[in-house]
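**Student:** Residues per chain, in single letters:
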Amino acid sequence: MRDTVYIGSGAGFAGDRVDAAGPVVATLAQLSGPRFLVFETLAERTLALCQLARRTDPSRGYSPAMDRFLSPVLAPCLAAGIRIIGNFGAANPHAAAARIAALAQAAGYSPRIAVVDGSNLTDALTPAEFAARETGGRLLAGRDSIVSADAYIGAAPIADALNRGADIVVTGRIADPALVLGPLMHAFGWGEADWDLLAAGTLAGHLLECGAQVSGGYFADPGVKDVPDLAHVGYPIAEVARDGTIRITKPAGTGGRIDHFTVAEQMLYEIHDPAAYLTPDVVMDITGARIEDLGGDTVRVSGVRGHPRPDTLKATVCFSTGFLAEAEISYAGPNADRRARLAAELVRTRMAELAPDLQVRVDAFGIASVFNDTPGATLAGLWPETRATDVRLRFAAQSEDATSLERLLDEVEALYCAGPAGGGGVRRHLTPRLASASCLVERGLTAPRFTLLERQA
Amino acid sequence: MTIVPLTEPLLLHRLAHARAGDKGNRLNIAVVCRCPEAYAALAPQVTAERVAELFAARRPSKVVRYDLPNLAAFNFVLDDVLDGGVNASLGLDGHGKCLSFLLLGLALTPTPEVQSALAALASAPVAFQAQ
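Residue numbers (numbering that gives the first Met the number 0), protein chains in the order written: chain A, 0 to 456; chain B, 0 to 130.
If you are wondering where the hints come from, they were derived from the structure by calculation, not from laboratory data.
Just so we're clear, the structure is a prediction, and the values are computed from it rather than from any experiment.
Positions of the beta carbon are idealized from the N, C-alpha and C atoms, including for glycine.
Each hint can be trusted.
FRET-style restraints, in silico, Cβ to Cβ:
1. B/K96 <-> A/D356: 29 to 35 Å
2. B/Q44 <-> A/G294: 31 to 37 Å
3. B/P109 <-> A/D66: 53 to 59 Å
4. A/T55 <-> B/Q44: 54 to 60 Å
5. B/R58 <-> A/T55: 37 to 43 Å
6. B/V63 <-> A/G141: 28 to 34 Å
To give a feel for the contact side, a few chain A residues facing chain B, derived at Cβ under 7 Å:
7. Y268
8. R360
9. F370
10. A395
Kindly generate the complete structure, drawing on both the sequences and the hints.
**Tutor:** So this is what it looks like as structure tokens:
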């Protein structure tokens, strides 16, 4: 058995660059030993949207971006013996696998493809039973229907599928770091109670799961912390040793940077208690983690500890909450801030008469928008003495009652003729809204498993 | 000791960088020191209480700071500040991603420790090894 496993990141989210994997695959192809390419492309809401797509067409329901991500690298990976793991499957991993088989066949290959599923809980519990298991809120209380529910399952079925010789493993919802931990469990034979090693593999996965976020993406602050050639940022490659030591690098000749700072930011990304990061496979403790800057865009990470995995799994439950309405209008030039403020007051006054129960948020780009708050205290404290001369107002509301939302959009548009002087550039949108809640569910409700597809002749 | 001239408000942005992450209605902001000296300088100033004040308009129900001396970093966890979370918020940035820079706008008192950290940063801004 080899003592180093190489795992490259092909994508860190559904909207990621589709040409990012190319240099990673070219680098892995030059190496020998176990090599894997992982794709994380499944946002919380993506799964619910895919569930809806599958209901209208049983051959759909997997990540709509899969073809764009896979097509450029499928043949090079298969030619070089780089195995691929991705959560493209979303609500329909079997359909995704069939599509991958077709793509591979068109390229002249017939790989062994494994499907991992068993995370779907949509029909496993009633809405009331989900509500009883909700954590961190009471969004599900009293709801009589949900759109989808999926648990974050662990890495074991990926490792099992690889043990059986799968070249490509396609999953639905699974804990993001499991996409990396699975190959490591397979390559090193790590057991399900090797807590420190499982934690090291989970940390490697955590560092890779957002793609370039560890290698200079989402990091540049010009003049403060600059990133070379961000336009061609290199996606990360983890070199993991049998003892769980991790080295993070990126392909030669790519942009970006990997050092203490980029890795520390990503290590803590979406972490709450750093002594207890809960995953289905292990409870990860990074309080003793060390990052050694080796220079040359390489760091070594060690010192992570693991504790026995939790009894329950996290599940995301998606449900419809009607619609989100957004409308915008601009004011510029002399006295723009006071004209914008008047426009905001007019819309509030009108809406109080037309739809008094509707909560309307008002932002003012150029004064306070992303730092504003929904009740509007921040903006109210800044208005009207901002001297801003290019202000764009944004009104937003949500409701299951589309009619009252249309009223809001109409009122913003009516500012054209009935509002303050010089308003322009109205845009309006009404979009269906899926919200999500988190639950803790019993492991026994899930059925994590893999299936090997019949190989094409 | 080198005294760094202060011609404008001294902000946390000078000594640290940050990244925000969301889970539901909970926000975490990792604050990573730009030099090892900054960790001790910031620890007494960038407290959970001050962060709660800075985010008061978002009405946090709880703010906790976790310390990571190995990484020269702090992790702040703010509960119930995301207007219900990315799929429920009426705001543009439902993830709260921009809020890392709200925290970096925190004003610092130029204590001797802060002055030392600024001087250390000015003299050796490149390599970093946490203590």
